[in-house]
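Asker: Quick mapping for you: the protein sequence lines, in order, are chains R and V. So the first sequence is numbered by my numbering: it starts at 132 and just counts up by one. So the second sequence is numbered by my numbering: it starts at 35 and just counts up by one.
Errors might be hidden in some of the hints.
Said to hold, decoys possible - Simulated crosslink set (DSS-like; lysine-lysine; CA at most 25 Å straight-line):
hint : chain 1 : residue 1 : chain 2 : residue 2
1    : V       : 136       : R       : 246
2    : V       : 130       : R       : 246
3    : R       : 486       : R       : 420
4    : V       : 218       : V       : 54
5    : V       : 257       : V       : 76
6    : R       : 175       : R       : 338
7    : R       : 594       : V       : 136
8    : R       : 307       : R       : 174
9    : V       : 158       : V       : 76
10   : V       : 130       : R       : 594
11   : R       : 338       : R       : 281
12   : V       : 130       : R       : 565
13   : V       : 187       : R       : 565
14   : V       : 187       : R       : 594
Claimed, not checked - Residues from chain V shown here face chain R by an in silico Cβ test under 8 Å; the list is partial:
hint : residue
15   : 124
16   : 142
17   : 176
18   : 177
Calculated directly from the structure, the hints in this document are not laboratory data. Only a predicted model underlies this, so the values are computations on that prediction, with no experimental measurement involved. Glycine included, each C-beta is placed from N, C-alpha and C at the ideal position.
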Amino acid sequence: MTETQELEQLVKREYKYGFTTDIEQEIIPPGLDEDVVRMISAKKKEPEFMLEWRLSAFRHWQTMTEPEWAHVHYPRIDYQALSYYAAPKSQEELDAEAPESLDDVDPKLLETYEKLGIPLHERAALAGVKGANVAVDAVFDSVSVTTTFKEKLAEAGVIFCSFSEAVENHPELVKKYLGTVVPQGDNFFAALNSAVFSDGSFVYVPKGVKCPMELSTYFRINAKNTGQFERTLIIAEEGASVSYLEGCTAPQRDENQLHAAVVELVALDDAEIKYSTVQNWYPGDEEGKGGIYNFVTKRGECRGDRSKITWTQVEAGSAITWKYPSCVLKGDDSVGEFYSVAVGNNYQQIDSGTKMIHLGKRTRSTIVSKGISAGHAENAYRGLVHIGKTATDARNFTQCDSLLIGDRCGAHTFPYIEAKNASAQVEHEATTSKVSDDQMFYLRSRGLSEEDAMNMVVSGFCKDVFNELPMEFAVEAQALLAVSLEGSVG
Amino acid sequence: MALLEIKNLHAEIDGSEILKGIDLTVNAGEVHAIMGPNGSGKSTLCHVLGGRDGYEVTQGTITFDGHDLLEMETEERAIAGMLLGFQHPVEIPGVKNIYLLKEALNAKREAQGLEEIDTFTFMKQVRELVASMDMDDAFLHRGVNAGFSGGEKKRNEILQMLLLEPKLALLDETDSGLDIDALKVVSDGINRMRGEARGIILVTHYQRLLNYVEPDMVHVLYKGKIIKSGDKTLAHRLEAEGYQEILQEAS
Numbered sequence: 132m133t134e135t136q137e138l139e140q141l142v143k144r145e146y147k148y149g150f151t152t153d154i155e156q157e158i159i160p161p162g163l164d165e166d167v168v169r170m171i172s173a174k175k176k177e178p179e180f181m182l183e184w185r186l187s188a189f190r191h192w193q194t195m196t197e198p199e200w201a202h203v204h205y206p207r208i209d210y211q212a213l214s215y216y217a218a219p220k221s222q223e224e225l226d227a228e229a230p231e232s233l234d235d236v237d238p239k240l241l242e243t244y245e246k247l248g249i250p251l252h253e254r255a256a257l258a259g260v261k262g263a264n265v266a267v268d269a270v271f272d273s274v275s276v277t278t279t280f281k282e283k284l285a286e287a288g289v290i291f292c293s294f295s296e297a298v299e300n301h302p303e304l305v306k307k308y309l310g311t312v313v314p315q316g317d318n319f320f321a322a323l324n325s326a327v328f329s330d331g332s333f334v335y336v337p338k339g340v341k342c343p344m345e346l347s348t349y350f351r352i353n354a355k356n357t358g359q360f361e362r363t364l365i366i367a368e369e370g371a372s373v374s375y376l377e378g379c380t381a382p383q384r385d386e387n388q389l390h391a392a393v394v395e396l397v398a399l400d401d402a403e404i405k406y407s408t409v410q411n412w413y414p415g416d417e418e419g420k421g422g423i424y425n426f427v428t429k430r431g432e433c434r435g436d437r438s439k440i441t442w443t444q445v446e447a448g449s450a451i452t453w454k455y456p457s458c459v460l461k462g463d464d465s466v467g468e469f470y471s472v473a474v475g476n477n478y479q480q481i482d483s484g485t486k487m488i489h490l491g492k493r494t495r496s497t498i499v500s501k502g503i504s505a506g507h508a509e510n511a512y513r514g515l516v517h518i519g520k521t522a523t524d525a526r527n528f529t530q531c532d533s534l535l536i537g538d539r540c541g542a543h544t545f546p547y548i549e550a551k552n553a554s555a556q557v558e559h560e561a562t563t564s565k566v567s568d569d570q571m572f573y574l575r576s577r578g579l580s581e582e583d584a585m586n587m588v589v590s591g592f593c594k595d596v597f598n599e600l601p602m603e604f605a606v607e608a609q610a611l612l613a614v615s616l617e618g619s620v621g
Numbered sequence: 035m036a037l038l039e040i041k042n043l044h045a046e047i048d049g050s051e052i053l054k055g056i057d058l059t060v061n062a063g064e065v066h067a068i069m070g071p072n073g074s075g076k077s078t079l080c081h082v083l084g085g086r087d088g089y090e091v092t093q094g095t096i097t098f099d100g101h102d103l104l105e106m107e108t109e110e111r112a113i114a115g116m117l118l119g120f121q122h123p124v125e126i127p128g129v130k131n132i133y134l135l136k137e138a139l140n141a142k143r144e145a146q147g148l149e150e151i152d153t154f155t156f157m158k159q160v161r162e163l164v165a166s167m168d169m170d171d172a173f174l175h176r177g178v179n180a181g182f183s184g185g186e187k188k189r190n191e192i193l194q195m196l197l198l199e200p201k202l203a204l205l206d207e208t209d210s211g212l213d214i215d216a217l218k219v220v221s222d223g224i225n226r227m228r229g230e231a232r233g234i235i236l237v238t239h240y241q242r243l244l245n246y247v248e249p250d251m252v253h254v255l256y257k258g259k260i261i262k263s264g265d266k267t268l269a270h271r272l273e274a275e276g277y278q279e280i281l282q283e284a285s
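Required output: the full structure, derived from the provided sequences and hints.
Answerer: Quick look at the structure:
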C-alpha cells in the first residue's frame with residue numbers, strides 16, 4: 132500500500148469515527164422545492180427580504196441547466212436526492228462524538244499534521260478533540276484568543292461574524308451588498324447556493340480601517356462546519372484593507388459530496404482585499420472513487436477607483452474543481468490579481484482559472500497560474516481577459532504554466548481574450564514542462580532523495596504563487612504539495 | 035584499499051553496448067584523467083558511476099570506498115562521498131542556488147548523524163567559497179543554473195564540490211565552454227581539492243585543463259575500453275599527435 136492510500140484510509144477512519152453517533156439530527160428529507168426553501172429560511176429565523184431573495188433565486192435556478200462546458204466528467208447529480216438542511220449540531224452533540232484527547236486520535240492523522248507543519252496548539256482543534264479550543268486558549272498564556280481577537284476587531288470597527296449572525300445583526304449591510312457581485316441567477320451553481328445556502332462568513336471593514344490582523348489566524352481555529360452551500364461576503368469601504376484566508380492545509384472531510392459555495396468581495400475607492408484559499412477537501416481514492424465535487428463561484432468587484440483585489444489559491448483537494456475566482460475592475464485605476472497553484476494527482480479533475488473584466492480606465496490585471504498534474508489527473512486552466520469599450524489603457528499580463536509528472540496525466544489551457552478597446556495591452560505567456568529525468572538525476576546526485584528532489588522542482592515551479600501567500604502559510608502550502616504528490620514518483 | 039575499483043565493466047543503453055570491459059583503479063590522493071574522442075563512452079561511464087536510470091550494467095563490478103556501488107541509489111552514492119560534476123548542468127527554475135547548496139549539505143550531514151548546519155556558519159562558508167571562485171553573492175540567489183552562462187554553470191559545479199567535499203570527484207568535461215580566465219578559476223578550485231584523502235577523475239576531451247591540473251595518471255578511452263594508460267606525458271602526446279597515432283599503436 133502506498134503512503135497516499137494509507138493517508139486516505141486513515142482520514143477515512145477518522146471521518147467514520149467522527150460521525151458514528153446515534154444522536155438524532157434535524158434533517159429535512161431529500162428533495163428541493165419552494166417549501167424547502169421556505170423551511171430553511173424559517174429555521175434560520177430570517178427576515179422577509181432574505182426569504183424573498185432565496186425564493187427568487189430558486190425560481191431562477193429551476194429555469195437553468197447544469198453547465199457542461201468544463202473539461203470535467205462526472206455522473207449526473209440528482210438534485211432531488213440531496214438533503215438541503217441539517218441543523219447545526221449542539222456543543223453536547225459535538226462533544227459526544229469527539230475524541231477525548233489527542234491520544235485517541237489516529238496517530239497517522241497526527242503524522243499528517245506533522246508533515247504539514249501545523250503548529251502543535253492547533254492540531255487538537257483540527258482533529259476535533261473535545262474541548263480543544265480551551266486548550267488552544269491555554270497555549271496563548273491563558274488569555275482567550277477568541278476574546279482577544281474579537282475585542283481587537285471590534286475596537287477597529289471590523290465586523291467579522293457568521294453569515295447568519297450578519298443577517299440577524301446587520302441586515303442593512305447584507306441587503307445592500309448581497310448578490311451585487313454574484314447575482315442570484317449568475318450560473319446554475321450560484322443560483323442553487325443563493326436558494327439554499329447554509330451559512331458562511333461575513334466581513335465588513337469600515338472606511339479607512341486597516342484590519343488589524345490576518346483573518347486567517349482566528350478563522351482557522353474557529354471555523355465551524357458551515358456545510359456544503361457556503362456563502363461569504365466581504366466588504367471593504369473606502370480606504371479599508373483586509374486579508375482573509377479560507378481553508379486549511381489539513382485534510383478536510385465532509386459527508387456531502389457536492390459543494391457549491393459563493394464568495395462575493397466588494398472593494399470601494401482605494402480599498403484592498405486579499406483573499407487566499409488553501410483547499411484540501413477529500414480528493415477521492417487512488418482509483419478515483421469518491422471525493423468532493425467543488426463547484427465554486429468567487430468574484431470580486433473593484434467598485435471604487437484605485438481599489439485592488441488579489442485572489443491567491445492553492446487547490447490540492449477535491450475530486451472535481453470548477454472554480455474561477457474573478458475580478459470586475461469597474462473603478463478607474465483598479466487592480467485585479469490572481470495567483471493560483473492547482474495540483475491534481477490520481478484521478479482528480481480540475482477546471483479552474485479566472486476572469487478579469489476590465490471596465491474602468493487604466494485598470495490592470497495580473498494572472499499567474501501554475502497547474503501541476505500527476506497520476507491520471509486532468510488539469511485545465513480556463514481564463515478570460517475582457518477589455519471593455521470604456522477601459523482605456525487597460526493592461527493585462529497572463530502567465531500560465533503547466534507541469535506534468537509522469538505520462539498519464541493531462542494539462543490543458545483555454546485562454547479567452549476579448550479586447551474591445553484598441554488601447555489595451557494584453558500579454559499571454561504559457562509554458563508546459565515535465566519534471567525531467569535530467570532534473571531528477573541532477574538533484575539526486577547531490578544527495579537528495581527522489582521525493583525531496585521532486586518537491587524541490589515543484590516548489591520552484593510554484594514560487595511566484597507561494598510568495599503571495601501569508602508567510603506562515605507559504606511553508607504549509609509547500610508541505611501540502613509534497614503530501615498531495617506522495618506516491619507520484621518512483 | 036583503492037577508493038574506486040572498476041572491474042570488467044560492461045554497460046548498455048537501449049540494448050546497445052557502450053562500455054565494453056573497463057578496468058580502472060583510483061586510489062585516494064590521485065588525480066586521473068580520462069581522455070578520448072567523441073563517442074568513446076566517457077559520458078556513459080560518468081552516468082553509470084552516478085547511477086543514472088536507463089543504463090544497464092551487464093557485467094563487472096564497481097567498488098567505491100568499500101561499498102558495492104552498483105547496489106546503491108544515486109543519492110546514496112552522493113551521500114557516501116561521490117560527486118558528479120555535470121557536463122551540462124540542468125536548470126531548476128525557481129529554486130535558489132543557495133537553497134540547493136544547503137539541502138545538499140544537510141542531506142550529507144544527516145547521513146553522518148550531524149545536525150543541520152546553522153545558517154550563520156553556512157553563509158560564512160558559502161560566501162568565502164563564492165569569493166574564491168571569483169563569483170558574486172547575487173549568484174546564490176538566482177535559480178539553480180537558470181540563465182547561467184556556460185562558464186557560470188561550470189563554476190557552480192566546482193562551488194558545489196568545494197562545499198560538499200566529496201571523497202571522489204568525477205568531473206565530466208568541466209573545462210568545456212570556459213574562457214581562459216574561467217579555466218584558471220576552475221582549475222584553482224580543483225587543485226584546492228587535491229589531497230591525500232581524495233580522488234579526482236577528470237573526464238576531458240582536450241589536454242588544455244591538464245596544463246593547470248596535473249594528473250597522476252592518464253587513460254585513453256576508445257570504443258568503450260581503456261586502450262592505453264600512462265603518466266601525464268601521455269596527454270602531451272595526445273595533444274601533439276592526435277588520437278589516431280595512439281589508437282594505431284594500441285591496436
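Asker: Provide an ascending list of the numbers of those earlier hints which the structure does not satisfy.
Answerer: 3, 4, 6, 9 and 17
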